[in-house]
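Asks: In case you want the letters, here they are:
Number of protein chains: 2
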Amino acid sequence: MTKHLTIKETGLYLLARDNFLILTHRRPDGDTLGSAASLCRALKSVGKTAFLLANPETTPRYAPFTDGLDAPPDFSPACVVSVDTASEDLFPDNAQIYVNAVNLSIDHHPSNTGFADFSLLDAGRAACGELVLDLISEFAEVDTNIATALYVAVSTDTGCFSFDNTTADTFAVASKLASFGAPISELNRTLFRAKSRGRIAVEGLLFTNIEFHFNDHAAIVIISNAMSEQTGADEDDMDNIAALPVSIEGVEVGITIRELKNSPECKVSVRSVEGISANGICAYFGGGGHARAAGFTSSEPADVIKERLLPILAELLS
Amino acid sequence: MTKHLTIKETGLYLLARDNFLILTHRRPDGDTLGSAASLCRALKSVGKTAFLLANPETTPRYAPFTDGLDAPPDFSPACVVSVDTASEDLFPDNAQIYVNAVNLSIDHHPSNTGFADFSLLDAGRAACGELVLDLISEFAEVDTNIATALYVAVSTDTGCFSFDNTTADTFAVASKLASFGAPISELNRTLFRAKSRGRIAVEGLLFTNIEFHFNDHAAIVIISNAMSEQTGADEDDMDNIAALPVSIEGVEVGITIRELKNSPECKVSVRSVEGISANGICAYFGGGGHARAAGFTSSEPADVIKERLLPILAELLS
Chain Y
14 MTKHLTIKET GLYLLARDNF LILTHRRPDG DTLGSAASLC RALKSVGKTA
64 FLLANPETTP RYAPFTDGLD APPDFSPACV VSVDTASEDL FPDNAQIYVN
114 AVNLSIDHHP SNTGFADFSL LDAGRAACGE LVLDLISEFA EVDTNIATAL
164 YVAVSTDTGC FSFDNTTADT FAVASKLASF GAPISELNRT LFRAKSRGRI
214 AVEGLLFTNI EFHFNDHAAI VIISNAMSEQ TGADEDDMDN IAALPVSIEG
264 VEVGITIREL KNSPECKVSV RSVEGISANG ICAYFGGGGH ARAAGFTSSE
314 PADVIKERLL PILAELLS
Chain Z
14 MTKHLTIKET GLYLLARDNF LILTHRRPDG DTLGSAASLC RALKSVGKTA
64 FLLANPETTP RYAPFTDGLD APPDFSPACV VSVDTASEDL FPDNAQIYVN
114 AVNLSIDHHP SNTGFADFSL LDAGRAACGE LVLDLISEFA EVDTNIATAL
164 YVAVSTDTGC FSFDNTTADT FAVASKLASF GAPISELNRT LFRAKSRGRI
214 AVEGLLFTNI EFHFNDHAAI VIISNAMSEQ TGADEDDMDN IAALPVSIEG
264 VEVGITIREL KNSPECKVSV RSVEGISANG ICAYFGGGGH ARAAGFTSSE
314 PADVIKERLL PILAELLS
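Chains Y and Z, in that order, are what the protein sequence lines are. Numbering of the first sequence is given in my numbering, commencing with residue 14 and proceeding in unit increments. Numbering of the second sequence is given in my numbering, commencing with residue 14 and proceeding in unit increments.
It should be emphasised that the hints constitute simulated quantities derived from the structure, not laboratory data. Be a bit skeptical, because a hint or two may be false.
Identical copies go unnamed one by one, so any copy, or any two together, can satisfy a pair.
Here are the simulated lysine to aspartate or glutamate pairs, DMTMM-like style, with alpha carbons at most 25 Å apart [said to hold, decoys possible]:
| hint | residue 1 | residue 2 |
| --- | --- | --- |
| 1 | 61 | 102 |
| 2 | 61 | 224 |
| 3 | 208 | 313 |
| 4 | 189 | 287 |
| 5 | 319 | 147 |
| 6 | 57 | 31 |
| 7 | 208 | 229 |
| 8 | 208 | 287 |
| 9 | 57 | 320 |
| 10 | 319 | 278 |
| 11 | 189 | 177 |
| 12 | 16 | 135 |
| 13 | 208 | 224 |
| 14 | 189 | 135 |
| 15 | 61 | 87 |
| 16 | 208 | 250 |
| 17 | 189 | 229 |
| 18 | 274 | 70 |
| 19 | 208 | 177 |
| 20 | 280 | 265 |
| 21 | 189 | 147 |
| 22 | 208 | 262 |
Can you build the whole structure from these sequences, using the hints too?
Replies: As structure tokens, then:
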């Protein structure tokens, strides 16, 4: 059983300890990395020794914010803290030796399993970074670097303040972080507004080739190898394109059929709104996934896959 | 010469008067309509008679927020107020009889010409709605409807808090508006997350027709009437497309040249990154606006406008 702490208690807990190692979760996002980086910097600013455990899956997008904070190989922590991580199985492989030895979990997931000795949990926060700001404010000054990392955490977990989790508190936190010197224009540009030339080309291609079916409730797009090559797009540019068709007003199922490079196979991604099982659609083709995001691969030509999907969609959407 | 008022003075000015008519600008956006609607509701809430002058170009996206506020045909105002409008030539045709009789201009454009008898101007505000919130707070309670209209104003003028004009104050305003009951999840979904079929088609068109110049530091796109028609896009779908070219990585100036429907003119929108004056570029063509977001209209063909812009861009980007 974990012991739940208040923000004030957690501040005192940290001040009473030293030699911190901060863990982030697998496939790290802005919230886990930004929360970890800011907490690490805050602890250092009050004279503590604190490091992050290097996360091998950190992408170039977020790497600058954790730069210089990773623990040296010989570091032996006295206090292991995890941020934004709901359960032990979400830690990366190199964190496995600490999984049963997490002293403090700071998190905003309602599904947090209470795996740590102590927990600072608040499921009402849009981002873990909101909670970390309050915690840091208990014991340290929020400098520009801390504010920057926290802005990364809060802005990315709320889709630049557009997702349903955004609250008055989220905006108040963002206001404070801007006041503390977070370069919000630059961060917004990098994190949200900037699109690569390749990405622009891919979206242009997708948006001009998308087909609508069944009173526009289904949107299907085929991306052939020839089309991909024409855009000059790389894998980063293709990231999450499967989410685009279902973001169109009125669309309940969005399907992306993409010919794989140097392979006779197609990768099919299905995204759906609540009430329609993406998983169920993919099961017809031996695939699977989640209720609203699933996929499969097929060695049939893209057009044939589409023709096989249509009657399934017809039944679902009728 | 206009007389400049403080927020407090403007509050007293309004309280001392009655029978208000509020004017919005041509091709009305969320900021002008949201500012006008909230001010109108606030004046009514303290017992004043106040109406908007119906803006014939109001799109379905924003129409719900001004619903029921338009002046009856026989209304004879005693005080004419304009919001978010930098100069007289930006008023719609049905406002022409009031153009030389604007008593108070409330605006955040640095290029405001001082056309009104009195002016409440603050070019430091991301949205006119930020200023209107402070003004309304001087004399009325901010109820849910007022907060909703102001959230429309502030969120749309900042691209859901992602544009460079967003500041700590903008976030503080958004936090207040959420506290006052603005339904931010619903508004964000309607205004930012959902994309219409027409919008998808417009973005597809824009992304496939964009041209890059000067080592890709300038991006220019021409949207002809034929192209617009082919997409079936309406004015709502065209909203804020000017922000897209400059959102591409490495682009420092993004220019959208759009042929206007049923008009021989083109509307040119210029967006720039810090250090490059969009205002300055537009000044060559008799236009204006903000440092990083400005525009002009021209009766020259789109290709000719582009050819005239290129040497100006060459000099700026060299």
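Asks: If a hint holds in the structure, say so; if it does not, say that too.
Replies: To see whether the hints hold, each was checked on the structure:
| no. | hint | verdict |
| --- | --- | --- |
| 1 | 61 x 102 | neither (29 Å within a copy, 62 Å between copies) |
| 2 | 61 x 224 | neither (52 Å within a copy, 52 Å between copies) |
| 3 | 208 x 313 | neither (32 Å within a copy, 31 Å between copies) |
| 4 | 189 x 287 | between (29 Å within a copy, 23 Å between copies) |
| 5 | 319 x 147 | neither (41 Å within a copy, 51 Å between copies) |
| 6 | 57 x 31 | within (10 Å within a copy, 60 Å between copies) |
| 7 | 208 x 229 | between (28 Å within a copy, 13 Å between copies) |
| 8 | 208 x 287 | between (29 Å within a copy, 18 Å between copies) |
| 9 | 57 x 320 | neither (51 Å within a copy, 56 Å between copies) |
| 10 | 319 x 278 | within (14 Å within a copy, 44 Å between copies) |
| 11 | 189 x 177 | both (21 Å within a copy, 17 Å between copies) |
| 12 | 16 x 135 | within (14 Å within a copy, 51 Å between copies) |
| 13 | 208 x 224 | both (24 Å within a copy, 15 Å between copies) |
| 14 | 189 x 135 | both (20 Å within a copy, 22 Å between copies) |
| 15 | 61 x 87 | within (17 Å within a copy, 73 Å between copies) |
| 16 | 208 x 250 | both (8 Å within a copy, 20 Å between copies) |
| 17 | 189 x 229 | neither (41 Å within a copy, 36 Å between copies) |
| 18 | 274 x 70 | within (13 Å within a copy, 48 Å between copies) |
| 19 | 208 x 177 | both (23 Å within a copy, 16 Å between copies) |
| 20 | 280 x 265 | within (20 Å within a copy, 36 Å between copies) |
| 21 | 189 x 147 | both (11 Å within a copy, 19 Å between copies) |
| 22 | 208 x 262 | both (22 Å within a copy, 5 Å between copies) |
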